[in-house]
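**Student:** Put chain U on the given structure of chain A with help from the hints.
Residue numbers (the numbering used here), protein chains in the order written: chain A, 1 to 112; chain U, 113 to 225.
If you are wondering where the hints come from, they were derived from the structure by calculation, not from laboratory data.
Errors might be hidden in some of the hints.
To be verified - Label pairs and their calculated CB-CB ranges:
#1 140/U <-> 29/A: 26 to 32 Å
#2 15/A <-> 166/U: 43 to 49 Å
#3 128/U <-> 111/A: 42 to 48 Å
#4 129/U <-> 9/A: 20 to 26 Å
Even for Gly, the Cβ is constructed at its ideal location relative to N, Cα and C.
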Amino acid sequence: GNSVTQMEGPVTLSEEAFLTINCTYTATGYPSLFWYVQYPGEGLQLLLKATKADDKGSNKGFEATYRKETTSFHLEKGSVQVSDSAVYFCALEMGGYNKLIFGAGTRLAVHP
Amino acid sequence: DTAVSQTPKYLVTQMGNDKSIKCEQNLGHDTMYWYKQDSKKFLKIMFSYNNKELIINETVPNRFSPKSPDKAHLNLHINSLELGDSAVYFCASSSGSSNSPLHFGNGTRLTVT
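If we strip away everything but chain A, and leave its shape as in the complex, we get (with noise of 0.2 Å):
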């Protein structure tokens, strides 16, 4: 079936650090790709997104770019700042319905 695996975290960085979270996928066919963000107390925003190959989402500074050939949508960052700490998902979709289907999620801790 259709799956996500992300990184486990926490992934502890000092500000403007570079920030990598890997995320690869499983998937019968051709899905699109998400990151979203998840701040603590709120529910899930969207970060960015790629629907095709080599397609690469972009968003507040956070990069993704949809790699067929290795099946991945690693999030990077070039330097973070305290105010990212938060929870990140990967996630794709299938099959229409905006069908969701969600990594673990990866906790970002940045410090001053």
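**Tutor:** Here is chain U on its own, set in the frame of chain A:
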């Protein structure tokens, strides 16, 4: 002007009770969802309705019954609550078109004692 609002925010109850969680969206979306997030933050879809019709029904115990009186509301009723039902339940909505983003509510933390 909250887009997706769910009530209550916290719900503490005893095993065997019946409880409901309400959700409303003012985005004009046609599709609404219920997701369950367990203690390890793992999120799993439970149900989805499109314009009041059930379109996704994952393997969920039939103690859980969603109800959509209109396309702006999707409520979740849970009968005979069990300890394992303790989780955060998120309501979400979307336009329903492919790749459109989901808009989530802030969650309802259910604790069954």
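**Student:** Against the structure, test the hints numbered earlier, and report the numbers of the ones violated in rising order.
**Tutor:** 4
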